[in-house]
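As given, the protein sequences belong to chains E and F, one line each in that order. Mapping the first sequence onto our numbering, position 377 (from 1) lands on 383, and the numbers just tick up by one. Mapping the second sequence onto our numbering, position 120 (from 1) lands on 123, and the numbers just tick up by one.
Treat the hints with caution; some may be incorrect.
Pairs of lysine to any residue, SDA-like flavour, derived with a Cα cap of 20 Å [as the list claims (entries may be wrong)]: (1) E:Lys559 with E:His600; (2) E:Lys681 with F:Ser52; (3) E:Lys631 with F:Ala141; (4) F:Lys159 with E:Pro649; (5) F:Lys159 with E:Glu700.
In case anyone wonders, no lab produced these hints; they're calculated from the structure. Being a predicted model, the structure only gives us computed values, none of them experimental.
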Amino acid sequence: MTTETKYRVIGTRPLRPDGVDKVTGRAIYGADVVLPRMAHGKVLRSPHPHARIISIDTSAAEKVKGVLAVISGRDMPDVTGSVAGGEGGDINMRYASNNVMAHGKALYEGHAVAAVVATSPHIASEALKLITVEYEVLPPVIDVRKAMEANAPILLDDLRTDSGGVKSESASNIAAHLVAEEGDVEKGFAAAAVVVEHEFTFQTVHQGYIEPHACTAEWRSDGQITVWCSTQGSFAVRQQVAAILKHPISQVKVVPTEIGGGFGGKIPVYLEPVAAMLSHKAQRPVRMVMDRTEVLMATGPTPGAYIKVKMGADADGKITAAQGYLAYEAGAYPDSFIGAGMLCLFAPYKLTNVKIDGFDVVVNKPSSTAYRAPGAPIAAFACETVLDEIAEKLGMDSLAIRELNSAVEGDWRAFAPPFTRIGALECVQAAIASDHWNTPLVKEGADGKKRGRGAARGYWGNWDGVSSAIGRLNPDGTVSLLEGSTDIGGSRASIAMMFAEAFGVEYAQVHPSVVDTDTVDYNDVTGGSRTTFGTGYAVYKLAKKMQGEIVEKLAEIWEVAADAITIDGSCYSSNGHSATITQLAKLFEEHGVHINASITAKGNNTSGAFATHIVDVEVDAETGKVEILRYTAVQDAGTAIHPSYVEGQMQGGVAQGIGWALNEGYFYDANCKLKNATLLDYRMPTALDIPPIETIIVEVPQPTHPYGVRGVGEVPIVPPTAAIANAIYDAVGVRLHALPMSPSNVWEALESK
Amino acid sequence: MATQIVSGKTAITATINGETRDWLCEPRQTLLEVLRDTLGLTGSKEGCSNGNCGACNVIMDGRLVNTCCVLAVEADETEITTVEGLATPDGLSTLQANFIEGAGLQCGFCTPGFLVSTKALLDKNPNPTDEEIRWWLAGNLCRCTGYDKILSAIKKTIAETNAS
Ligand code: FES
Ligand code: FES
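The task is simple: from the sequences and hints, build the whole structure.
The structure is reproduced here in structure tokens:
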């Protein structure tokens, strides 16, 4: 579109400032922090998915040479209340505390029950084996529908079902029942020419960031706690550590390291409060690093679920009604992003008659957390495969029915005001016009394998949140830009670009860095696709504020009225005076003037982002293996600040979606024990599994952002699973209603066809 | 040859990135642990500890190895290249520069492993096909990029090397 002509910096592809450190091995990630006298912590984890802890005997472990201290739940303070958790709503701190170290009950296999600090990680691991824990093993429940039954084992004795503010009388595993409704679904279904309804089941899957969780904490004798860690939100860690340790928040400083992937999974704390407590006991800095099995067993994956979706359309293909029933597995503690799943379920479509019931249910699995567009991909799988079947029954093209029914500005969506300007329709239209959609697919490979094409859509509602930044004009005319948003994939570049654009300087004149919680003001987590939007908004305002300061100081030096000074890019002039930022910086230095400003700002994100994907697959009927032949992702980025990183987000989201579609899932045995907690058995896509991913960026500017930014990180993971399922149907004529569509599952479906 | 035992530890000597390094290590220590914690070469990353992610890869006597699966005592008298050895005082290697320019990294955690693995491939086969690159790199997991821009950065490097 027209970004090139409209902007100087935005839309270009400059080099990221942290690139050199990351290709030379110099960048410091969570496990790379080294401090003098540093000791090493390890966690003992429950082998049982559900058990009461009767006693813990740590005496033998404490006697091991090199062991400095041992802690368990009784060493952690009892906490109540909640802190702001950002996008997912408030975090219940008692549950969060129990999750980092079990108090009384272990609620999933891998739940932390004790921790050791020693002079070496090997000694700490050896000492763990000498801790004796007596358990009363309780019956576990890991399936959402079984957990909802009246006689199910109860995980949390105090949990009552919240239905629109009304609490149930007795304890239940159902934490909440939410309803979103508009119009009259019964009337809508009565008016339909075609109605399709299916049930779906989904496994737990993991974000799969390559860097395991890691942190180093130092609790000094004056009470000051410093935590170095790999996190999506340094302020979120500060709040959680302070709350879990009942420590004054002003005495907790969090220094974010580089972060080796998060995708939502590095918002909650797991190790940080434990490392701090161990440091307190050992009087040394303590480093803790998870291994991969701990990451898979004991951090927050995305929920498994049961979903039922029913949709009806008239003979022209207009959707007349849509109904959904979503039950999500929150894991051990409530909050499965059920609300987000309900919001995203039918969001791409214009609906007048709709009803959605959502259930947030605790089960004996690790406490789930956000994973890229949390709650949305499985909801989209259900809606988009049902809609595909409707199109087929009506003899309609699958993108034509999506174009016909697309949501536009002013349309209803669950739990949020009607859409403002969105690019939903534009994405479908760009997909229809794409080379991929217009290139006929040869329906059979040379070896007789069947090929098919599928399409699907997705929505994710971007979050805005609070961001802070500090700008300092240096004497050489550059700007040091300090940010509170941790950078999980190139945001330092895109934020610096927006600042440069607004401040009228070149990208190379801006030096961004991510700083600690004592240096910058409060900043919400990097999550909810908010950073480019929200921190971009903040630095735009910061640039304007700094320009205002420059004008004010310049007016004094030039002895002119402030409003007589005009700004044109980096050039300030008035009354015969004229100077660029670089010249001004020198002038200010001569006059002893310093230009510094800080900003804390909250944008107002009123819509969100849409995507439409197209995929070609080849199915091997003998093995059930699905190969991805071609993939095109279309997405509305609002304005693509750094197009390479927008494309990168789209491609990365698609790759994760392909893994989710074809391979990934937690496999449990009959005793509810996880059987695939390694990267050999939890198999994520490799370079051999992912084809080149074509990207088409649509730009329908977000109306409430100075540069029209929409979040781009999350929505690309929403359509892939459904697009692939629809392509498999096109190839071999079977509709799959569960993930993953692994060779064995596809083969079984083909056999029972 | 190795190896005198000093208080239960073995003395090891190896050439790492052209420099002679020696250290004492316990028999149970992996090469990855020694590189990172004893020698301060934290560019090699630990993603899985069992040979499935490639984040810890180095070139050892011309062979690509997962250092999480190599015991440090096995490194005696070997020659090792880690990610820290890819740039020269004159600047980045073409491959490194192309990873940055082509957005071949997002979080960057897998990047050292990809760079080292690619170097091992190109040392052996300077003109691999797309399929050969993908096959070779199937031992390196990247969860951020979808591999597309990693492949482009490598292909650009091959083209530039051929042209020069
Ligand atoms: S850490 Fe060595 S292969 Fe993953
Ligand atoms: S860039 Fe993050 S894992 Fe590859």
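Evaluation of the provided hints:
In summary, the hint linking Lys559 (chain E) to His600 (chain E) is supported, as the alpha carbons are separated by about 9 Å, within the 20 Å threshold. For a cut-off of 20 Å, the pair hint linking Lys681 (chain E) to Ser52 (chain F) stands: about 18 Å separates their Cα positions. This hinted pair checks out: Lys631 (chain E) and Ala141 (chain F) have alpha carbons roughly 18 Å apart, not beyond 20 Å. Simply put, Lys159 (chain F) and Pro649 (chain E) have alpha-carbon atoms about 19 Å apart, close enough for the 20 Å limit, and the pair holds.
In summary, the hint linking Lys159 (chain F) to Glu700 (chain E) is supported, as the alpha carbons are separated by about 18 Å, within the 20 Å threshold.
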